[in-house]
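> Each chain, written out:
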Amino acid sequence: MSAEQRWWLGRNTDASGANVVRLGESGVGMQASRLVAAGKPNDAAGQRRAAGRRAVLLSLRDVNKYYTSAGEAPTTALDTVCLDVYQGELVAIVGPSGGGKSTLLQIAAGLIPPSCGQVLLDGRPISGPPPEVVYLFQQYSKSLFPWRTVTHNVAFALEQSNLRRREVMDRARSYLKRVALEDFGNHYPWQLSGGMQQRVAIARALAAEPRALLMDEPFSAVDALTRLELQTLLLDIWHSNEDLTIVLVTHDVDEAVYLADRIAVLTRNSRQVLQVFENSLPRPRHPIETRESQSFLSLRHTLLSILLRRSNGRS
Amino acid sequence: MAEVRVTGRFVAGLSFIAAELAIIEVLVRTGWIRRALLPPPSDIARTLWEIVSSGEFLPPLASTLGLLAIGYTLSVMLGVALGLVMGVSRTCSDIFEPLLEAIRPIPKVALVPVLILFFGIDTTMKVASVVLASFFPVLLNTIQGVRGVEPTLIATGQTFGHRRLGIAIRVMLPASVPYILAGMKVSLGIGLLTTILAEMLSGTGGLGSLVLESQRSFKVRQMYSWLVILGGLGLLLNWAFAKAERRFVPWLDKYQKS
Chain A
1 MSAEQRWWLG RNTDASGANV VRLGESGVGM QASRLVAAGK PNDAAGQRRA
51 AGRRAVLLSL RDVNKYYTSA GEAPTTALDT VCLDVYQGEL VAIVGPSGGG
101 KSTLLQIAAG LIPPSCGQVL LDGRPISGPP PEVVYLFQQY SKSLFPWRTV
151 THNVAFALEQ SNLRRREVMD RARSYLKRVA LEDFGNHYPW QLSGGMQQRV
201 AIARALAAEP RALLMDEPFS AVDALTRLEL QTLLLDIWHS NEDLTIVLVT
251 HDVDEAVYLA DRIAVLTRNS RQVLQVFENS LPRPRHPIET RESQSFLSLR
301 HTLLSILLRR SNGRS
Chain B
1 MAEVRVTGRF VAGLSFIAAE LAIIEVLVRT GWIRRALLPP PSDIARTLWE
51 IVSSGEFLPP LASTLGLLAI GYTLSVMLGV ALGLVMGVSR TCSDIFEPLL
101 EAIRPIPKVA LVPVLILFFG IDTTMKVASV VLASFFPVLL NTIQGVRGVE
151 PTLIATGQTF GHRRLGIAIR VMLPASVPYI LAGMKVSLGI GLLTTILAEM
201 LSGTGGLGSL VLESQRSFKV RQMYSWLVIL GGLGLLLNWA FAKAERRFVP
251 WLDKYQKS
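These protein sequence lines are chains A and B, in that order. Under the working numbering, the first residue of the first sequence carries the number 1, and numbering increases by one thereafter. Under the working numbering, the first residue of the second sequence carries the number 1, and numbering increases by one thereafter.
Please note that the accuracy of each hint is not assured.
[As the list claims (entries may be wrong)] Here are the computed lysine to any residue pairs in the SDA-like style, where the Cα-Cα straight-line distance is at most 25 angstroms:
| no. | chain 1 | residue 1 | chain 2 | residue 2 |
| --- | --- | --- | --- | --- |
| 1 | A | K142 | B | W251 |
| 2 | A | K142 | B | T152 |
| 3 | A | K142 | B | R246 |
| 4 | B | K243 | B | G66 |
| 5 | B | K185 | B | G148 |
Worth flagging that the hints you see were computed from the coordinates, not collected in a lab. None of these values were measured; they are calculated from a predicted model.
Please work from the sequences and hints to get the whole structure.
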């Protein structure tokens with residue numbers, strides 16, 4: 001164990017509360033980890049969620065992914081990743097670019113099959129994209145259909161249902177309203193700004209009424225202020241729907257700490273989920289004040305220390 | 001500014017044509033060009049006016065246009081349907097590709113005599129010729145378009161629970177529209193060409209047979225008049241195609257840029 005890790009473990013030994021990192025099931029054989037208690041869930045919504053989130057919704061079991069090309073040694077993208085996602089929680093997976101985060105999320109969404117290992121949804125292995133799970137792409141400009149208007153893009157999520165056309169359009173409009181884009185229904189996506197396009201994508205994802213929303217760096221392509229707005233919008237949506245589970249992949253540690261209940265760290269060298277941190281910053285979180293709190297800063301410090309060390313090739 | 005520039009270019013181009021016509025007029029009237037080969041443009045204009053004002057041009061034009069419409073529609077439908085199937089399914093493309101590749105390099109018009117053998121010289125033969133010739137650009141472009149669909153769009157279809165068929169129709173087909181349209185544009189030109197040729201070879205009805213007939217009976221002025229009408233038809237078709245493209249596919253430009 002490095003000095004750096006001893007440092008952060010030591011620093012938090014006096015933190016009280018449920019200081020146990022959920023790592024047990026992962027079986028990755030990693031060093032003992034500690035929770036970084038950053039605060040206590042002190043609001044009603046948080047407690048309701050905390051109480052109701054013991055059921056595992058999505059479970060990654062020993063997921064491996066390697067790519068083989070002729071005449072070369074296989075490239076490992078993911079190495080025996082284990083992660084449980086509880087119903088109703090907001091989990092962030094942080095790690096550097098090229099660390100396999102997106103691959104992991106796509107495997108969890110059933111979009112690509114793992115080389116070995118399993119993804120369980122409600123304890124049952126999935127084989128293909130389950131309707132309960134919706135994947136939100138980083139590149140909104142590539143995932144919105146340019147030939148459909150904004151409303152029709154959202155309606156796409158409902159076209160597999162048995163709803164009547166009228167009902168589909170009504171629902172699409174109501175989800176557009178949810179992201180404050182009701183006045184832009186007849187626009188085409190490419191007529192909107194980046195942030196608005198991602199809101200369309202979010203509305204479309206919500207319209208499918210998924211149990212789990214898997215988001216791949218959803219706010220990395222928009223400017224910093226828009227990112228703050230979208231993060232707050234996301235929290236808002238998540239708070240208003242208690243059953244909604246969100247798994248968010250990001251390289252932005254601030255974003256992870258601001259949004260998530262738990263933060264899984266995936267590093268480039270190990271290609272495993274190294275540690276899972278409980279983040280008990282109080283909810284509802286505030287876009288400015290939360291980020292200035294001591295707990296926020298200390299968790300951020302911890303995560304950045306790990307990520308920077310790991311990506312430098314030392315451990 | 002741009003408007004002025006466009007108008008200016010238009011005027012320059014038209015003036016050049018007018019100058020050409022004037023020179024030809026002089027050359028013919030002074031005997032440098034034989035009238036039997038090329039009558040003075042003013043004579044042709046007079047004959048053209050007679051044909052147009054009397055409404056004489058309408059039946060053959062309707063016949064040619066009708067033939068083109070049927071043949072073109074069929075080839076677009078066939079090309080898009082088969083292209084979609086071949087673009088989506090590797091197996092289907094493995095089955096059909098060798099046969100199609102064997103037919104493709106044959107200049108289709110060379111097959112018109114074969115079609116005459118089978119179908120006679122009536123509408124069936126002409127439609128078959130048009131389909132055979134104008135089907136390939138649509139087919140090849142559709143295949144290319146479908147295979148090149150942005151993977152994120154397909155994955156989006158998957159994550160919203162659509163299966164193969166749903167993705168093919170709701171995602172791959174519309175996403176390929178820019179390619180399909182490019183193929184359709186090429187097909188339209190080839191279709192008109194083949195229609196005229198089929199009419200010439202069959203000698204029954206339409207603008208094509210009129211051009212040939214008037215040449216054979218030394219009605220040179222008529223021949224040139226029909227050619228002008230044919231040219232106008234080509235222009236009109238291209239204009240209508242561009243207009244329809246903008247009207248029905250407003251997202252085309254944006255899509256190609258991204």
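> Tell me the hint numbers this structure goes against, listed in increasing order.
Violated hints: none at all, because every hint is consistent with the structure.
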